[in-house]
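Q: The residues making up each chain are set out below.
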Amino acid sequence: MGRPAAVVPVARPDAVHAASYTPEELARYEAIVQRYARHVYNIAYRMTGNEADARDLSQEAFLRVYRALRRVEPGAPLESWLYRIVSNLYIDLLRKRPRTRMESLDAVLKTPRGELVREIPDVAADPDLILEREQIDTAIQRALGVLNPELRMVVVLCDIEGFSYEEIATMLRIPLGTVKSRLHRARQVLQELLRPYVEARRRGWE
Amino acid sequence: MDLNHHRVEQLLSAYVDGELTQAEARAVEEHLLDCGACRRAYEDLRATKALLGALPVAEPPAGWWSSLRAPLVPSRSRAGRGGRWLPLRGWRPAWALGALLLILALAAAPLVKGTMDRLHATEIGVDLYVREHALQMSAEPLVDRAYLGLVAGDADLVLVGESPRAGERRP
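For the record, the sequence lines run as chains A and B.
For the first sequence, my numbering gives the first residue as 1, with consecutive numbering after it.
For the second sequence, my numbering gives the first residue as 1, with consecutive numbering after it.
No lab work stands behind these hints, which were simulated from the structure alone.
For clarity, every value in this text was computed on a predicted model and none was experimentally measured.
Note that the Cβ used here is the ideal one computed from N, Cα and C, for glycine as well.
Everything hinted at is true.
If we take Cβ atoms under 10 Å as the criterion, some of the chain A residues that face chain B in the derived model are: (1) Glu30; (2) Ala37; (3) Asn42.
Here chain A stands alone, though its shape is the one from the complex (with noise of 0.2 Å):
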């Protein structure tokens, strides 16, 4: 879809010896080091809500890019690949570990009118501390992560990383429609959640 394939698939898996890399190709890595670095953590920062987690997910994520470096044409844009590998390695993650602390909030209860969330009481705590920047990044992290994963990674995508519903159909290999309702649902989720802060930024505009 849309996208030039930036990994060509050669039927040679671990072909590739560290040692056998040339100057050129170390380059090349440090490049897609220095632009996609901070966006692959940041994206395995808000999906998994701990620095731990974030960090072993990307520095994983870029073994893969090392490893995989002959297969990736010079200069082709590796969001798409990338950052389904952050997915596809988040989802790992949780089925290797599927009572994390993280997913023991996962209280999303289906219900036929929809889904429903646990409150989480101390997002409306101080009214005082409302606008405390601090505060308004843990409770948002916190309601990410009560979201349910698929729903997290498309609202990461959209609406923190900023990527089109096309590109987010691309990367996560689910229809456009999906992306729409799946985006749908976890901002209703999330609108909810956040009702004391959603209604102060409303109330700002006004």
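Keeping the supplied structure of chain A fixed, place chain B upon it in accordance with the hints.
A: Same frame as chain A, now just chain B:
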């Protein structure tokens, strides 16, 4: 394009993202002029998106950047490690022989011990041997003491220097 309230609600999220066709967007805008509830829902969605968009880019922990270059480092250190092992390369047969001897010794130990135990048993007599072991066993926390007592009693011991018990004849 004329859209009903429910359909507009469905499209609002995509409208906020600018992902609707021109015709759809225009229809949503028309509806928003008339519908207070949808206007409010739209404002909420916009605020939610803005909150997320205002999140700072997460700051990676110290040492993270260098860890991404780690694949470059192991390739060198792997070579380095090879270098460190190099002097031992000539010793490999000696290492192998040593390991083999160790394995043989470990395998032989129980055999030797078993034989010695059996010799010991014939020396002191079966009954005493059983009793000796039964007494040792009784110190174990999980052992069935009643059964041990039975075994020890059954051994029908005559210890050296012990006077014959009732109903027992000396050979």
